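As given, the protein sequences belong to chains A and B, one line each in that order.
Mapping of the first sequence onto the working numbering: residues 18 to 449, in sequence order.
Mapping of the second sequence onto the working numbering: residues 18 to 449, in sequence order.
Hints listed in this document are in silico derivations from the structure and should not be mistaken for laboratory results.
Since we're looking at a predicted model, the values are computed, not measured.
Among the hints, erroneous ones may be present.
[Said to hold, decoys possible] Examples of chain A residues lying across from chain B (beta carbon under 7 Å, computed):
no., residue
1, N22
2, R60
3, A84
4, P86
5, V90
6, T421
7, I438
Glycine residues also receive a C-beta, built at the ideal position from the N, C-alpha and C atoms.
2 protein chains.
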Amino acid sequence: MDTLNIPTRTTQPRVVIIGGGFGGVKLAFALKNHDVQVVLLDRNNYHTFQPLLYQVATAGLEPDSIAYPLRKVFKGFRNVFFRMGEALRVHSERNVLETSIGDIEYDYLVIATGSKTNFFGMKELEDNAMGMKSVSEALNIRSLLLQSFEEATRTNDPKRRQELMTFVVVGGGPTGVETSGALAELKKHVLQKDYPELDLRLMRIYLLEAVPRLLNGMSDVAGRKAVDFLQAMGVNVLLGAQVEHYDGNTVQMQDGSAIASSTLIWAAGVAGADIPGLEDAVGRGRLKVDEYNRVAGFQNIFAIGDVAAMPDTPDVRYPNGHPMVAPVAMQQGTLLGKNILRWLQKQEPEPFRYFDKGSMATVGRNKAVVDIHNVRFQGWFAWVAWLGLHLIMLVGFRNKLIVTVNWVWNYLSYDRGTRLIVRPFRRKKEQL
Amino acid sequence: MDTLNIPTRTTQPRVVIIGGGFGGVKLAFALKNHDVQVVLLDRNNYHTFQPLLYQVATAGLEPDSIAYPLRKVFKGFRNVFFRMGEALRVHSERNVLETSIGDIEYDYLVIATGSKTNFFGMKELEDNAMGMKSVSEALNIRSLLLQSFEEATRTNDPKRRQELMTFVVVGGGPTGVETSGALAELKKHVLQKDYPELDLRLMRIYLLEAVPRLLNGMSDVAGRKAVDFLQAMGVNVLLGAQVEHYDGNTVQMQDGSAIASSTLIWAAGVAGADIPGLEDAVGRGRLKVDEYNRVAGFQNIFAIGDVAAMPDTPDVRYPNGHPMVAPVAMQQGTLLGKNILRWLQKQEPEPFRYFDKGSMATVGRNKAVVDIHNVRFQGWFAWVAWLGLHLIMLVGFRNKLIVTVNWVWNYLSYDRGTRLIVRPFRRKKEQL
């Protein structure tokens, strides 16, 4: 029985989408005003533009600029119903999704839940490290950073002060590179002025990566250039460095070395955010899907984006599934929408093939790296390309406008405007 | 013993200011780079521009636009030290202030803690009503408003739906008038589009005021015009309506009538946010001060702004103390700074006399009321004056810029951009 007050279907089949990220939104767009009923469920009432979360964490942007109300996204979609709630379990034998706000029946179910931070089972790390997958988590990092500086100002203990002024970012992918670069700029242009009582030369920023290079999905030259940029900005880049323990004060590495730091930002791994009821289809932390994004063992349950892995396809480029990036989710969402309409009209579906447009990462002002197949460039032009692309991808004209104003302001003034501790962050052990 | 790691004074006397609101900031400005050491303590690391809090609560502005980092305010003030922490108790016999981050000695202590919501001892009301004195509280109102609409969409119970779609604002001062007006605009221009499943004609907005008029501190014509504006916008203005009980579902009034509503915004009263240790000087919820803002019974403890009442002055206009508005706090802060410097130089201090520049309140787009002594005007021109004055008063060029962009955008698009539930609000009884 449905309890979400969705209009009863007469002839229209119902597509239930879990998650309003890049994949879920694109899918809803593909089904817009077609002869299906679409119900999109998300735990938040907004779409998060995850590529810019790190700028929220480092006080460059307001959360409101990179998040967009889902109801506004779907304005004028006569067949799309949004509900805010959390998916709890799939009852595939009854075609029912159990959620925090009630049960809903589906004809087609699409898991588009994205990914969650992966601590690889290290519980102590999970309790003490900061993830950066959501607006709340990014705001927690911003608060902790500022709280650490406030405490550093008032402590009389030099050891504690050094710990508070040391920031360790783990993970050499785009998020880790962008975050450590943004911290270096914050140090140079903002914190120095805000905390004249502190000797900012004591502030240390580390970027740790387990493999011997940065930006593993990109070209060698991009990875090397990122190291150069970061080192020139004063970031200590440690390659081949594997974190074993973190108790909130000391980062312990496998080779026996250690860094005293009260802030560890974990950007070293994500796992698909799968859902109870589909355990049999999970492999390597993602849901196994065929080339039509059908979850293994089901005809009417699909998974798209980060949560899905398509390992058995003829596409030899990605033997373990596609990279967990926005373009994959968007392309899968759009194609699945078309395929659902094709199935309904008894037409042949089209298998998914990823069109890789290239990748990019930014390090700091005037500094970015871009790979577009064999065209590779770095520096100012790459940085402008990065800015432009992210502005284009942001949902909504207002957000583009506000982000542009912020970026121009930050660029000209060397400032970061949004350094407020709106809700102080408390560690788990302090909450008890 | 000091434990805040403030440089030890040699010859400079120390002025400790509690609170970085309008009064505290103006006082620090008056003492800037003079031969005194200033320590300013605030529980937040930012100054809040309270007159625009209602726009945060009604999704018009981001919190970051109306708050400003205190460290940035004091950039280049060589003698001002900021500490984030909460004042706990004044130990006047030892000239020590006890705070959440340690103790600090003072030569002069200034209480500039502003005001807190006054529920007049009604515990049940306090547990269920929403205050609007801080950024967190304003964000809670925004979240509750949006959560109520989400729940109204999915409930099958018409009674519950009506309760969720009814908003009661209590208090006919500027905050109440501005909030209920903003809710009416949100209904007309935004919620209708966001919730096509709901019949928005069911949404009801009430403004309750205990006395028989609105904007009691302003002219009769301003009060009457505000009623006209609000009624034309669809707000039910109930004058002479006194709230007795509120359990989170039903607003019970003294005359026996009742309104079913799950949201009550309480803007009906504030009391001075006084501090333990000065109990003897409290009268009618504010600290009694003389015309130099000295707290009754002390020579080196002062109070300025909302928390202070100056009842025994020759100024017959304000027998119960000055109105609790920003200009009073700012003028008292500036004068006290000058007077402290005068005392230090053995000069005569100057008694405080409030220069009332007039008052204004806005109701909605193109609608405001302004009283400047006997010059009174309402409507579009008053609204432009309100906008201009608030932009001028906002601290910081970046905030002026972002607020302007938001206002222009909201005006042209009839939109409110920031309707995110970043952290869902939970009532006290739900938190247990």
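Comparing the hints with the structure gives:
{"no.": "1", "hint": "N22", "verdict": "5 Å, holds"}
{"no.": "2", "hint": "R60", "verdict": "9 Å, violated"}
{"no.": "3", "hint": "A84", "verdict": "5 Å, holds"}
{"no.": "4", "hint": "P86", "verdict": "5 Å, holds"}
{"no.": "5", "hint": "V90", "verdict": "10 Å, violated"}
{"no.": "6", "hint": "T421", "verdict": "9 Å, violated"}
{"no.": "7", "hint": "I438", "verdict": "5 Å, holds"}
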